[in-house]
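Protein chains in written order, with my numbering: chain F, 1 to 347; chain A, 1 to 347; chain B, 1 to 347; chain H, 1 to 347.
Read the hints as simulated data drawn from the structure, not as lab findings.
Honestly, I wouldn't trust all of these hints.
Pairs of lysine to any residue residues, derived as SDA-like cross-links and limited to a Cα-Cα distance of at most 20 Å, are as follows [what the hints assert, rightly or not]: (1) A:K283 <-> A:D227; (2) A:K124 <-> B:D321; (3) H:K311 <-> H:V340; (4) A:K311 <-> A:T336; (5) B:K311 <-> B:E345; (6) H:K124 <-> H:T110; (7) A:K283 <-> A:R342; (8) B:K124 <-> A:N319; (9) A:K124 <-> B:E322; (10) A:K49 <-> A:D321; (11) F:K49 <-> F:K283; (12) F:K283 <-> F:T301; (13) H:K49 <-> H:G290; (14) B:K283 <-> B:A303; (15) A:K311 <-> F:L32; (16) F:K311 <-> A:A35; (17) F:K124 <-> F:S158; (18) A:K124 <-> A:S172; (19) F:K124 <-> H:R302; (20) B:K49 <-> B:S12; (21) B:K124 <-> A:D321; (22) H:K311 <-> B:A35; (23) A:K124 <-> B:N319.
There are 4 protein chains.
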Amino acid sequence: MIDRSNRLSFASDYLEGAHPAVLRRLQETNLLQTAGYGLDEFSEAAREKIRAACHAPEADVFFLAGGTQTNAVMIKAMLRPWQGVMAAETGHISCHEAGAIEADGHKVFTLPQENGKLSADAVKACIDAYRQDENRDHMVAPGLVYLSFPTEYGTLYSRSELEAISAVCRASGIPLYLDGARLAYALACPENDVTLPDIARLCDAFYIGGTKCGALFGEAAVIPRHDAVPHLFTLIKQHGALLAKGRITGVQFDTLFTDGLYDEIGHTAVSAADRIRAALTAKGIELCFGSPTNQIFLLLTRAEAARLQEKVALSFWENPDENHTILRLATSWATTDAQVERLLEIL
Amino acid sequence: MIDRSNRLSFASDYLEGAHPAVLRRLQETNLLQTAGYGLDEFSEAAREKIRAACHAPEADVFFLAGGTQTNAVMIKAMLRPWQGVMAAETGHISCHEAGAIEADGHKVFTLPQENGKLSADAVKACIDAYRQDENRDHMVAPGLVYLSFPTEYGTLYSRSELEAISAVCRASGIPLYLDGARLAYALACPENDVTLPDIARLCDAFYIGGTKCGALFGEAAVIPRHDAVPHLFTLIKQHGALLAKGRITGVQFDTLFTDGLYDEIGHTAVSAADRIRAALTAKGIELCFGSPTNQIFLLLTRAEAARLQEKVALSFWENPDENHTILRLATSWATTDAQVERLLEIL
Amino acid sequence: MIDRSNRLSFASDYLEGAHPAVLRRLQETNLLQTAGYGLDEFSEAAREKIRAACHAPEADVFFLAGGTQTNAVMIKAMLRPWQGVMAAETGHISCHEAGAIEADGHKVFTLPQENGKLSADAVKACIDAYRQDENRDHMVAPGLVYLSFPTEYGTLYSRSELEAISAVCRASGIPLYLDGARLAYALACPENDVTLPDIARLCDAFYIGGTKCGALFGEAAVIPRHDAVPHLFTLIKQHGALLAKGRITGVQFDTLFTDGLYDEIGHTAVSAADRIRAALTAKGIELCFGSPTNQIFLLLTRAEAARLQEKVALSFWENPDENHTILRLATSWATTDAQVERLLEIL
Amino acid sequence: MIDRSNRLSFASDYLEGAHPAVLRRLQETNLLQTAGYGLDEFSEAAREKIRAACHAPEADVFFLAGGTQTNAVMIKAMLRPWQGVMAAETGHISCHEAGAIEADGHKVFTLPQENGKLSADAVKACIDAYRQDENRDHMVAPGLVYLSFPTEYGTLYSRSELEAISAVCRASGIPLYLDGARLAYALACPENDVTLPDIARLCDAFYIGGTKCGALFGEAAVIPRHDAVPHLFTLIKQHGALLAKGRITGVQFDTLFTDGLYDEIGHTAVSAADRIRAALTAKGIELCFGSPTNQIFLLLTRAEAARLQEKVALSFWENPDENHTILRLATSWATTDAQVERLLEIL
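Bound conformation, chain F alone (with noise of 0.2 Å):
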């Protein structure tokens, strides 16, 4: 039943279950008696030390199971009918959620993005040209901004590029909403300038990521001012995405805003991933998209590709043409020096 394969992975960052210190405390905790539905004290304890690393006193903070479910409930909740949702072409919504944004009643606006970001250009573009359109009124308008941080091409924004957005999302009263299933790994991150209280006082409504970032599962979707996005609590259940035990989530945030455990994952995973990264460019192996967090996007001839996943499990992520592959790697918390020792001597 377990996998007795030697082969060494860096396939996803969602390889292993979750880290010790998590699974720990809910060990300890395991037979303390709780209220359901989030209602008890571990998870009220997991919402306070969100608060204060957020440096938002006042922030609604709801923990739901994924990333998916956690993108379409919130945005739902932001949107009313007749909008849409802007978002990179290639953000998660966009494409990687079974049209669940649509399934809701949506429309994702897809915008141009450069390795995976959008511009406070592209914003202000798409929103201006639904404004000054004569035919607006037949029109879906846009009515939220998502973005994802680090994207799905592990690269991130800057504190001024994202100042940038927020400016012209609250010029236009837009809301700004961010998915950061990686956010440890952006966090971590030493050419990363932005941080959790930037975060939270730039976007109306944001998540910190759990299921990739050392939990077994689990977002905390935040919202920094209180009541911003009313009756959540109760389309969180509509959307089946209202745990009954909710401390087990709560007990996760928990562990992992205690003693600076989200910081520790980050720093684990990208120091791995920067030993990974000058061993490759050493090599002379071209890394698209600069991804500076814990994915590494590795540009390969099929054949070098090929005999590379011989010896290390990697993701496919994309033919860019006939002769190349491009292949990806991505360290997590769990990552070993020995692992990282084993695929350096591979490589």
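Could you slot chains A, B and H onto chain F? The hints should help.
Structure of chains A, B and H alone, referenced to chain F:
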């Protein structure tokens, strides 16, 4: 952070985390690397054990995070846009899932019930009324039957009752779906004569509850006939119900269906409930609805109810009249002999 | 191609085309060129006349093609995703609109009724039950009241009944919506004491029926307070309910609200119905529900019903028991004295 | 109330009411009594004539009020929840129907186009990309092709182009749907080689436009193979698209398909457009997109555009650059020789 109140609680069957064996297995397998999205070996092993337990070797089995979500996805998958689902007026989908079925576009036909149970006659009457109505093309068509087993009142269908409902469904070409959120507590009940193979034989889809029956969270949706519900993987993803680390539910259900743990969990809860029921009856306290499973409904005067709740936490259920209150008492896999003894002393 | 049967028909109030004055005006204006989508002068003139008739100078007025469509668009526009609409269990949206409300994501709370009418008490009870329920955050919130006037049984709310319902709504912050598919036949009724200005004063939105009251088709949705329902133009378009040639409904409603035609249409139908009611009562035929408007419900034995239907086409309504049948007889703007005379002879 | 401006207008093809023959027939049949909901003899006669014109004796034919509504209902009826519809990025459903398709839960795949037309290659590429994607189970499946004929740019598919697209669809098991809002103006076009029987042979569903082709309003949805789209009557009702007085559309389409009126309407518009095109070309004005139908797109400098619009009303289409404007000129069944002469003088 920990609930240090000494008050005994029988308020629900999701007060604790997971059965220790489940948590232990999560611990043991934690650092093994597996594929995501339920394609891992643990999930596959769990599927095989569930197929075996159901005598349904061709069954499709999917793991989802919670009950409301599972109901919503399965009902959406089994209905066409012109159809609605029949349920008891007390059914969970009728009143306590925040309109999840309607949010997906479908009407819930609320049928009369007795102690939470539908009858084959009530189902047939609803279908006949539609089919004989001259204006039926202007109306929603009954397209699915939803049952809960045990019901929201803890009651059970007998095998012959379930066969009668299934016969009506099949004669009408309408599928039957069973919500088994507390299934372990039905199967373990001495007076129950319905087995998992019976359910797989009589229903077109059902789910085996994990959240309330020993798992941290998670439900196993079973479709006895392979591919009877097409494209379900994508619908699960679209609904945000696909776990990236599907292994987490796989490991849990694999454990629950190893060495009779799911049965044992049921017996622990039901035998505790039986001892409590006997004591309550001996005390002359009226029990409502006739539940033989892990839920007990006590009819008390308001004063009695207040006094009892000072010493033991129960759930408020409803006020049948101005002087009385019905409280719900629930046991679970986690109920200990010591807790039962303490309760009996209080009584 | 033309129905040459000589059988007299009172089967419904939409057997003919349009009132001749309406058709004449369509003819006269046919080749004038106008803007589309209701931005034309005829639509604007009709809006002004409706505002005047309602004593609601700031009202928003939109023209839609039919009643089910108007109900669906208005109810969707007035609810948020966590809310549902309260209606009589016999309300048109509850049973005869093919699940249009649920298809848009909302639950219909079916409230008890008497002769098709809701009471202020029943509305208050539904709202109170929700607001007092400890689990209300897991439930759909009542968010709108739907009334039909006249009801599906042809009955009328008195002004004081409507005021009582409106008072409950306003005290609860819940808007009131009135379906006036047959409004002309209420307003013209001698026993009616509710005026268009009353409706505009007491409701947050309503529609003035055209399809059954003299137009080829079309309904006028009225929102007494300007912009109380935002972005309605776009929602109408999104629902496919925006006519390219909005002038067609504009011309029709302009005509209906010129020189008292809408009143005249109502009086023609109601006075014919009154003559028929008197004759039926004189014959000892029992009339059901107490409808004083253009619909009459006859309680007959099955044999009597069959004999009557040989000579005059009526609508089957329901079978109250094994021996009896209720038939519906409807008059309209098109009912002639000759038709009434022929019917009285048959009787 | 009547537009008394003398300014000539070619702003759209829905400036007037109905073709006089249509209105006359409504007049003649106005007081005949018929059944509702399209079950009348006029609707049935119209269906028979449409079946004959399409060489599709088994076709299902439904009459709806407008184009956005027809598209929404048909696309919803032909897709399953995990599927989306492919359309040109300029397709009416992609941008000018206020998100109607997404509001019903479906993604619109916007494909590249040339002069408003999709190619068989683009359709095949979209289907292949999906089917070859390893992650396709996480993605929306292409489930329908939407074409407009003529396109939004007035252009036409040749028979061989339509056959190629249809062949791709059939090889993939994906139905083809054609939006014929302006179908009369395609069929009457000298360079067109596609007939109604071709459309019925190559498409799985389509609609014959009435609103822009001589009717007051109304479109005829045609499903060549009986019952290929099940329960459509109920879906039409659910969408609020079922007219109570279905006769109104029945009479109109019966008239349009009697004595070649639909053809005549097309020829009137196209021959007027051809004369105007010739004059514009002679004047050296550049025409865009190559439309041979009733719509003409003029590329003008902004100064030229402003001067022209003082004398004749045209529609603003778009600004291709800072100095130029594209205006749209449309003829219709109502365009007279005198209007064309006046326009030619102005030019």
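Is the straight-line distance between the alpha-carbon of K311 of chain B and that of E345 of chain B 20 Å or less?
holds (11 Å)
Please work out if K283 of chain A and R342 of chain A have their alpha carbons no farther apart than 20 Å.
holds (16 Å)
Does K124 of chain F pair with S158 of chain F here, judged by a C-alpha cut-off of 20 Å?
holds (18 Å)
Below or equal to 20 Å on CA atoms is what counts here, so check K283 of chain B against A303 of chain B.
Distance ~16 Å between K283 of chain B and A303 of chain B Cα, so the pair holds.
Is the Cα-Cα distance between K124 of chain A and E322 of chain B 20 Å or less?
holds (19 Å)
Compare the distance between the alpha carbons of K311 of chain A and L32 of chain F with 20 Å, and conclude whether the hinted pair is satisfied.
holds (18 Å)
Sort out whether D321 of chain B lies within 20 Å of K124 of chain A, counting only the CA atoms.
holds (19 Å)
Against the 20 Å threshold, does the CA-CA distance of K311 of chain H and V340 of chain H hold or violate the hint?
At roughly 13 Å apart (the allowed maximum being 20 Å), V340 of chain H and K311 of chain H satisfy the hint.
Are K49 of chain F and K283 of chain F close enough, with their CA atoms no more than 20 Å apart?
With a Cα-Cα distance of about 43 Å, the restraint between K49 of chain F and K283 of chain F is violated, given a limit of 20 Å.
Within 20 Å, alpha carbon to alpha carbon, are K49 of chain A and D321 of chain A?
violated (47 Å)
Run the distance test for K283 of chain A versus D227 of chain A: straight-line Cα separation, threshold 20 Å.
With a Cα-Cα distance of about 52 Å, the restraint between K283 of chain A and D227 of chain A is violated, given a limit of 20 Å.
Mind checking the alpha carbons of K49 of chain B and S12 of chain B for me, to see if they're no more than 20 Å apart?
violated (28 Å)
Checked against the numbered hints above, the structure breaks hints 1, 10, 11, 13, 19, 20 and satisfies the rest.
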